[in-house]
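Engineer: Sequence:
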Amino acid sequence: MRRAARVDRNHASVLQAAADVGAQILDTHALPGCLDALVAFRGRLHLVEIKMPSERNALTPKERETIERLTLAGCPPLVVTTADELLCAIGAMR
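Following the working numbering, the numbering of the sequence shown begins with 10 at its first residue and continues without gaps.
Some hints here could point you the wrong way.
Stated by the list, open to error - With a cut-off of at most 20 Å between alpha-carbon atoms, the simulated DMTMM-like pairs for lysine to aspartate or glutamate come out as follows:
(1) K60 x E74
(2) K60 x E72
(3) K60 x E94
(4) K60 x D93
(5) K71 x D93
(6) K60 x E77
(7) K71 x D17
(8) K71 x D29
(9) K71 x D36
Please keep in mind that the hints were generated in silico from the structure rather than gathered at the bench.
Quick caveat, the model's predicted, so the values are computed rather than measured.
Based on the provided sequences and hints, a complete structural model is requested.
Structural biologist: Listed below in structure tokens is the structure:
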């Protein structure tokens, strides 16, 4: 039996910051093999993986595989640790 996907402690606050600037969020962290969220902002769709700052490089094997496959397809996901990183990456702030 598959256990529930673990959510990083900063997950909600990072996505809430994006929602606060008008982004539309689809939280996908619980879907097997999927990254944490789809973030739509200013006509662009961003694939996002959220990590704790101390765990930035601690991707699971499945996350690594998904990121590699998407990058090879020309759609590199964002791996962020803070709300500011996400907002900068989607163009909501400098």
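Engineer: Take the hints in turn and mark each one as holding or not.
Structural biologist: Structure-based check of all given hints:
{"no.": "1", "hint": "K60 x E74", "in the structure": "16 Å, holds"}
{"no.": "2", "hint": "K60 x E72", "in the structure": "11 Å, holds"}
{"no.": "3", "hint": "K60 x E94", "in the structure": "11 Å, holds"}
{"no.": "4", "hint": "K60 x D93", "in the structure": "13 Å, holds"}
{"no.": "5", "hint": "K71 x D93", "in the structure": "26 Å, violated"}
{"no.": "6", "hint": "K60 x E77", "in the structure": "17 Å, holds"}
{"no.": "7", "hint": "K71 x D17", "in the structure": "16 Å, holds"}
{"no.": "8", "hint": "K71 x D29", "in the structure": "30 Å, violated"}
{"no.": "9", "hint": "K71 x D36", "in the structure": "17 Å, holds"}
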